[in-house]
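J.: Sequences listed follow chains A and B, in order.
Here the first sequence stands for residues 1 to 290, where the numbers follow the working numbering.
Here the second sequence stands for residues 291 to 617, where the numbers follow the working numbering.
These aren't lab readings, by the way, just hints derived from the structure by calculation.
Incorrect hints may have been included.
What the hints assert, rightly or not - Some but not every residue of chain B turned toward chain A, in silico, with C-beta under 7 Å: (1) Met414; (2) Ala425; (3) Ala440; (4) Trp447; (5) Val554; (6) Thr595.
Said to hold, decoys possible - Straight-line Cα separation of at most 20 Å, SDA-like style, residue types lysine to any residue; simulated pairs: (7) A:Lys232 <-> B:Leu580; (8) B:Lys551 <-> B:Asp566; (9) A:Lys232 <-> A:Arg84; (10) A:Lys232 <-> A:Phe124; (11) B:Lys551 <-> B:Val399; (12) B:Lys551 <-> B:Ile597; (13) A:Lys232 <-> B:Ser581; (14) B:Lys551 <-> B:Arg392; (15) B:Lys551 <-> A:Met128; (16) B:Lys551 <-> A:Phe124; (17) B:Lys551 <-> A:Ile125; (18) A:Lys232 <-> B:Ser582; (19) B:Lys551 <-> A:Trp131; (20) B:Lys551 <-> A:Phe228; (21) A:Lys232 <-> B:Gln583; (22) A:Lys232 <-> B:Leu364; (23) B:Lys551 <-> B:Leu598; (24) B:Lys551 <-> A:Thr218; (25) A:Lys232 <-> B:Leu361; (26) B:Lys551 <-> B:Ser600; (27) B:Lys551 <-> B:Gly601; (28) A:Lys232 <-> B:Ile365.
A virtual CB, placed ideally from N, CA and C, is assigned to each residue, including glycine.
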Amino acid sequence: MSAVGRPGAAPRREATRRLRRLPLHAGAALTVAICLFPVYWMVTTAFKPSRDIQSTDPQFLPRTWTLEHFRTAVQADGFAQFWRNSLLVTAGAVLLSLVVALAAAFAVARMRWRGRRQFVLAVFIAQMAPWESLIIPIYIIARDTGMLDRLLTLTLVYFMITLPFTVIVLRGFMTTIPPELEEAAQVDGCNRFQAFRRIAFPLLAPGLMATSLFGFITAWNEFAYANFLIIKNQDQRTLPVWLSSFQDTFGTDWGATMAASTLFALPALVIFLALQRHVTSGLASGAVKG
Amino acid sequence: MSAVRERAVPRSARPHRPRADGRPPAARRAARERGGPWPYLLVAPAVLGMLYLLVYPLARAVLISFQDFRLRQLIMGDAEFVGFANYRTLLTDPRFWTVVRRTFLFMAVNVVLIMVIGLLVALMTQRLGRLWRVAVLSSLVLAWAMPVVAATTVFQWLFHSEFGVVNWALTSLGFGSFERYPWFAHGTAAFAILVLLVVWQSVPFAAITLYSALTTVPAELHESARIDGAGAFRVLRSVTLPMIRPIVMLVLCLEVIWTFKAFVQIWVMTRGGPGDATTILPVYAVQTALSSQRYDLGSAASMVTVILMSGVLALYLRQMFRQEDEL
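Given the sequences, and given the hints that come with them, work out the whole structure.
T.: Shown next, in the form of structure tokens:
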């Protein structure tokens, strides 16, 4: 930890620090550009007329803006249906995992019981579960129980994928809330449930927000299970699967494909950006610190 | 890292008085201390979920990997146990070993790039003024929030052979050979694009997490190291990195696990092609199982993946517990 002393370097460092701002800002600008360019290119392509898209000389800003591609995408077969499916599955999975995780996190953070350590260990291991490796058995189990081609199956799978993370983060948040607060409320005549609901629950809001955001992104995005568990009943497909098959349906209609991608990505982008602060704090207290 | 500990207030030492709701306080206090049925009732749904949706499928996968399980057995359900035959078939197949090598190459390239770029971006963000910092963090979050399938589709468009902006840019810069360069027809090029896509998607998480770790390092430490005459690199190596080491290790473990499982990007973009050039283990398992209807071989491949990954998992858990002795 101790650094070698080199006296007399202070004035020179003042000058270099000022000089260092320039590459720093150049680096920041480059980072912003690289992060945003694909997003920018997706959105602008969606608004360009086809002849500008299919030109070997790309336009960085649409010369004329058109909504034609969005119209194609929205009017494409089943768009509204798939949007509804995605929303149902996502909301179902997030709500289910919030309720189940809140109960489990409460038991872990606030109560002492035999098996508590083992439970927490199991949750940590489950968080790293090899989901991609379980497609085959889950496909077979779903087939055997008549659960193929059903949105409920996807909801349950997404619930399970998000559950461990949700338990860990909520537990992390709950341990930062002093139990004395709830106890004081209990002394004042609340029962345990009321004490939790009135005192701890509002303080948990950032944690709930961070975890539901994570659940939303996971379920909204999930492709592999949606692709392999929904086979015959195409009405039950979700947006990611629909989007991935879009090019097959529309040939090389890149304008429509980019419009569809925009419509699909938009909710995630908006929600993520709106909750940016909670994302970071949620990660810091949950996924990272455990 | 300051893990928040639970308060160790002796519960029995707390004063209690009769409650307004009239229920016997003793029973409730007992429930809080030594559990009673409540904690078990509260964790029951989570445990049931994990058992039915995680443990049971995993057990089924193990079972199938030891059976002769093809399309016929899927329909008739009369699978026979064949011992290690599937694993023998798999492990003697040179194609499988090529896939394993490629998986590790893919993972190593991705993880190194993600960690280096992520750390650089985090260090940069820390030194930025407020405005630039917000700009960088927001754009990182936007890239992060981009759904995987959408991002994959966009990258396909960026690298489109005829109208892709990348070919246009490279040609304009004087690399004439990139005129109509078919990225997805060449194995190495397709592999490179997938690496680029995964890195682009993963750097935001690494950068933001490492940045929040950096903000917990007390500034005085840097100051005193600088006053002692340490250069920027020396401060980073001797002060900053040791302080954020636990989080660096965590991000590293997570990225290894996540890139190991980068299935969707590959499946949507190339299906493992051209040829086999972008086939990594999860893609291989799904291809074998669902396209060739060799569910047994696919399960065996999945199990090999799980075993390879559990090495990283063990590291991850050790890291977790070192931080969290309270568990």
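J.: Now look at each hint and say whether the structure bears it out.
T.: Taking the hints in turn, this is what the structure says about them:
1. Hint status for methionine 414 of chain B relative to chain A: holds, with the closest Cβ pair at about 5 Å, below 7 Å.
2. Interface restraint check: alanine 425 of chain B against chain A, minimum CB-CB distance 6 Å, threshold 7 Å, status holds.
3. Because the closest C-beta pair between alanine 440 of chain B and chain A is about 4 Å apart, less than 7 Å, the hint holds.
4. Interface restraint check for tryptophan 447 of chain B: the shortest CB-CB distance to chain A comes to about 6 Å, inside 7 Å, so the restraint holds.
5. With a least beta-carbon distance of about 5 Å to chain A, the hint placing valine 554 of chain B at the interface is held under the 7 Å criterion.
6. Checking threonine 595 of chain B against chain A: minimum C-beta separation of about 5 Å stays under 7 Å; hint holds.
7. Between the alpha carbons of lysine 232 of chain A and leucine 580 of chain B the distance comes to roughly 15 Å, so the proposed pair stays at or under 20 Å and holds.
8. Distance restraint check for lysine 551 of chain B and aspartate 566 of chain B: the Cα-Cα separation of roughly 17 Å lies within the 20 Å cut-off, and the hinted pair is therefore satisfied.
9. The straight-line distance between the Cα atoms of lysine 232 of chain A and arginine 84 of chain A is roughly 18 Å, inside the 20 Å bound, and the hint therefore holds.
10. Among the hinted pairs, lysine 232 of chain A with phenylalanine 124 of chain A is inconsistent with the structure: their alpha-carbon atoms are about 35 Å apart, more than 20 Å.
11. A hinted pair counts as satisfied when its Cα atoms are at most 20 Å apart, and lysine 551 of chain B with valine 399 of chain B qualifies at roughly 14 Å.
12. Between lysine 551 of chain B and isoleucine 597 of chain B the CA atoms are separated by roughly 13 Å; this keeps the pair inside 20 Å, and the hint holds.
13. The straight-line distance between the Cα atoms of lysine 232 of chain A and serine 581 of chain B is roughly 16 Å, inside the 20 Å bound, and the hint therefore holds.
14. A distance of roughly 13 Å separates the Cα atoms of lysine 551 of chain B and arginine 392 of chain B; the hinted pair therefore holds under the 20 Å criterion.
15. For the suggested pair lysine 551 of chain B and methionine 128 of chain A, the alpha carbons sit about 11 Å apart, so the restraint of at most 20 Å is met.
16. The suggested pairing of lysine 551 of chain B with phenylalanine 124 of chain A holds, with an alpha-carbon distance near 18 Å, which does not exceed 20 Å.
17. Between the alpha carbons of lysine 551 of chain B and isoleucine 125 of chain A the distance comes to roughly 16 Å, so the proposed pair stays at or under 20 Å and holds.
18. With a C-alpha separation of about 19 Å, the suggested pair lysine 232 of chain A and serine 582 of chain B falls inside the 20 Å cut-off, and the hint holds.
19. The straight-line distance between the Cα atoms of lysine 551 of chain B and tryptophan 131 of chain A is roughly 8 Å, inside the 20 Å bound, and the hint therefore holds.
20. The suggested pairing of lysine 551 of chain B with phenylalanine 228 of chain A holds, with an alpha-carbon distance near 16 Å, which does not exceed 20 Å.
21. Restraint check for lysine 232 of chain A and glutamine 583 of chain B: the C-alpha separation of about 17 Å stays at or below 20 Å, so the hint holds.
22. Taken as a hint, the lysine 232 of chain A and leucine 364 of chain B pair is honoured in the structure, with Cα atoms around 17 Å apart against an allowance of 20 Å.
23. About 12 Å separates the Cα atoms of lysine 551 of chain B and leucine 598 of chain B, which keeps this hinted pair within 20 Å; it holds.
24. In summary, the hint linking lysine 551 of chain B to threonine 218 of chain A is supported, as the alpha carbons are separated by about 14 Å, within the 20 Å threshold.
25. Note on lysine 232 of chain A and leucine 361 of chain B: the hinted pairing holds, with a Cα-Cα distance of about 17 Å set against a maximum of 20 Å.
26. For the given pair, lysine 551 of chain B sits about 13 Å from serine 600 of chain B by alpha-carbon distance, which is consistent with the 20 Å threshold.
27. Straight-line distance between C-alpha atoms of lysine 551 of chain B and glycine 601 of chain B comes to about 14 Å, which keeps the hinted pair within the 20 Å bound.
28. Using a Cα cut-off of 20 Å, the hinted pair lysine 232 of chain A and isoleucine 365 of chain B holds, with the two alpha carbons roughly 16 Å apart.
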